[in-house]
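What follows is the residue order along each chain.
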Amino acid sequence: MDETITETKAAARRWTWRIPGYVLLPFYLMLIGVALRYAVYVRNTGHWGFTDYLRALCVYDCNAYERLALNGYEGRPSGFDKGDANNWAFFPFYSILVWTVNRITGLSMLVGGSILTCLLTVWAAIIAWPLFDGRFRAYFLFCFFLFLGPFSYYFSTLYTEALFILLTVSGFVLLRQRDYVTAGAAGALMSATRSTGLLFAAAILIAAFQNHLSDGGTVRGFFKTLWKRTDLLLAVALVPIGICCFAIYLWLHSGDALAFMHIQRAWGRAFANPFHNLWLTLKLQFDNHNYSTISTDLAFGLAAIAGMALSGVMAWKGRWDWAIFSLFGVLLPLSTNAYSMLRFVVGLAPVLITAALLFSRWKWLFYLLLPVMLILDVLLLPTWIGRSYYLM
Amino acid sequence: MPPTYRPRAWHLVIVALIALFDLLVLYMVLFPDVSDDYRAYYIDRTASCFPRVTSGFYPLGEPVSFVPGRSGYKLDTIRWCGFMPPNNTGIRSFGDYGVLKIRTPLPDDDLLLTFSSWANTDSNKPRRDVDVVVNGEKIGTLSFASAKRVNGSFVIPQRVAKLAGLDARGNDVLEIKFVVPRIGPPGTNSEPVTLQLRLEAMRLVPLGNAIAPASPQQRKEAELTPASSQSPG
Chain A
1 MDETITETKA AARRWTWRIP GYVLLPFYLM LIGVALRYAV YVRNTGHWGF TDYLRALCVY
61 DCNAYERLAL NGYEGRPSGF DKGDANNWAF FPFYSILVWT VNRITGLSML VGGSILTCLL
121 TVWAAIIAWP LFDGRFRAYF LFCFFLFLGP FSYYFSTLYT EALFILLTVS GFVLLRQRDY
181 VTAGAAGALM SATRSTGLLF AAAILIAAFQ NHLSDGGTVR GFFKTLWKRT DLLLAVALVP
241 IGICCFAIYL WLHSGDALAF MHIQRAWGRA FANPFHNLWL TLKLQFDNHN YSTISTDLAF
301 GLAAIAGMAL SGVMAWKGRW DWAIFSLFGV LLPLSTNAYS MLRFVVGLAP VLITAALLFS
361 RWKWLFYLLL PVMLILDVLL LPTWIGRSYY LM
Chain B
393 MPPTYRPRAW HLVIVALIAL FDLLVLYMVL FPDVSDDYRA YYIDRTASCF PRVTSGFYPL
453 GEPVSFVPGR SGYKLDTIRW CGFMPPNNTG IRSFGDYGVL KIRTPLPDDD LLLTFSSWAN
513 TDSNKPRRDV DVVVNGEKIG TLSFASAKRV NGSFVIPQRV AKLAGLDARG NDVLEIKFVV
573 PRIGPPGTNS EPVTLQLRLE AMRLVPLGNA IAPASPQQRK EAELTPASSQ SPG
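In order, the protein sequences belong to chains A and B.
Per my numbering, the first sequence starts with residue 1, numbered consecutively.
Per my numbering, the second sequence starts with residue 393, numbered consecutively.
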């Protein structure tokens, strides 16, 4: 497989038309992935119903996003054993899209939402292509991970990962094109999808700084001309709009604009030193004298370390906008506790892209990873359907 | 050649509008319009549980079973705050306390509160004391020195029982709070680790109707000093 593909400027402008393979690759892999997992489901359960398969795939937060699309935000918290949970923790943009698909097509939230997620992932993969600088092998690995990797179910059922990755890669592509205002608008949608979308404001400023230097400017010149950068000011101002709209809604709905944050107490989340949380998570199973297995806590801790390490790789490669976005994308949820760290790390597009760029440098590793990911995809599917905390 | 930039007025106009919008959001963040129990639990974190909306109905004198399948009054109407839903081990407390809230007309008599309980402790651990507080007044203490069941029996003086006054429907309100000790430092969720009290059954009966009625002398003592007793099951 070619490592790089050289394109002329004219071809680059038309690459979506001239090289349909790059566009179609995610489609093919998505279709193969869906068919494979469906086959595994049929093999394991003996059920042929495709909707049953989608239902089986829809575990944990998927149900919350589905109910959110169906019924909107709930009233007084009463969920979980402690009676203190409801769906205010779930950001609205993804469920709004699912609801819209339902209204337009008449498909159920589950079916329409699953299709939407798959298509959003395909779209994200296509848009991400310029971020690979023509390295097709890395791009292939990235697409393979999304559609046939061990966490492919995040990208085929009602979770926000697909949308968040789409918006993230869109934002970073726009930053590369120096279209800061549109990138800010993408950031606004990101912050309406997840709280970590707010971090994109920092990425905008860092990207602008780096672009200034790469365009022949100086550090001093950047700060000297900052007062003229009304585009940057607007871009950064745009990013929090999504979360602000959600806060206004919650204030009107519940009386608490920060209800999305406060309700996290039901999930045992409270702000603390993320590194202390990481340390507690890493040592917990050894405190309990468990030296034979990898507990969920350790798995979450290792995922956080992997996310931070890959952020370091980004910084080393000079992609500071990616690095800061990803590092704090790990640290922010980690500061509340380590639960679901796997999902949060997998939901960070720069982490996936950097990993793909890194691991595809060696051909043998690339070819080794493909079957490994495929086997994990197949093996982990029943684990996911069985509601394993590991994969959350 | 260093890049040059040109400021644009329409950018600033939109930024100004966004700033106004942000001010509105800031006002909403700074001034939440929430109930006291919401503020205490979610915002200030001074409460360790968020109350359920329950009727508080309880047929006075009936035994309540918190274990599914056992005889007794079964409707989940008095579990108010800090207790998880009934299961095979009863209702389990979480946080610093668990509260049962009863709304029922009370007679002009002392009440006898009996219950069976156990806790997640054993004889290798230090003795754990659980305070029983009714309408804000402590009426006794339970001690858990092992994993065995502890049956509590406490007299609630009429004065204490009527302390909370009447609700809008004219019912007396009785708030029975079990205050459990903290047994470990907070984990990654910042919540302290507390003793988990497990209530299996409870009964509240006017003292005069109790199976072994207390003597007038006992009732007088109950009025003067909150009486309490407990027996290992």
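These are computed hints drawn from the structure, not numbers from a lab.
There may be inaccurate statements among the hints.
To be verified - Per the computed footprint, the stretches of chain A lying under chain B, defined by three or more beta-carbons under 8 Å from a beta-carbon of chain B, are: (1) 33 to 43; (2) 208 to 217; (3) 228 to 237; (4) 341 to 351; (5) 371 to 379.
All C-beta atoms in this analysis are idealised placements derived from N, C-alpha and C, irrespective of residue type, glycine included.
We went through each hint and held it up to the structure:
1. For the segment 33 to 43 of chain A, the proposed coverage by chain B is not satisfied: 0 residues have a C-beta within less than 8 Å of a C-beta in that chain, short of the threshold of three.
2. Here's how the segment 208 to 217 of chain A fares: 4 of its residues keep a CB closer than 8 Å to some CB of chain B, so the rule of at least three is met and the hint holds.
3. Judged by the Cβ-Cβ criterion of 8 Å, the segment 228 to 237 of chain A is covered by chain B as claimed, because 7 of its residues qualify and three suffice.
4. With a cut-off of 8 Å between beta carbons, the segment 341 to 351 of chain A has 0 residues touching chain B; three or more are needed, and the interface restraint is violated.
5. Given a C-beta distance limit of less than 8 Å, the hint that chain B covers the segment 371 to 379 of chain A is violated, as 0 residues qualify and 3 are needed.
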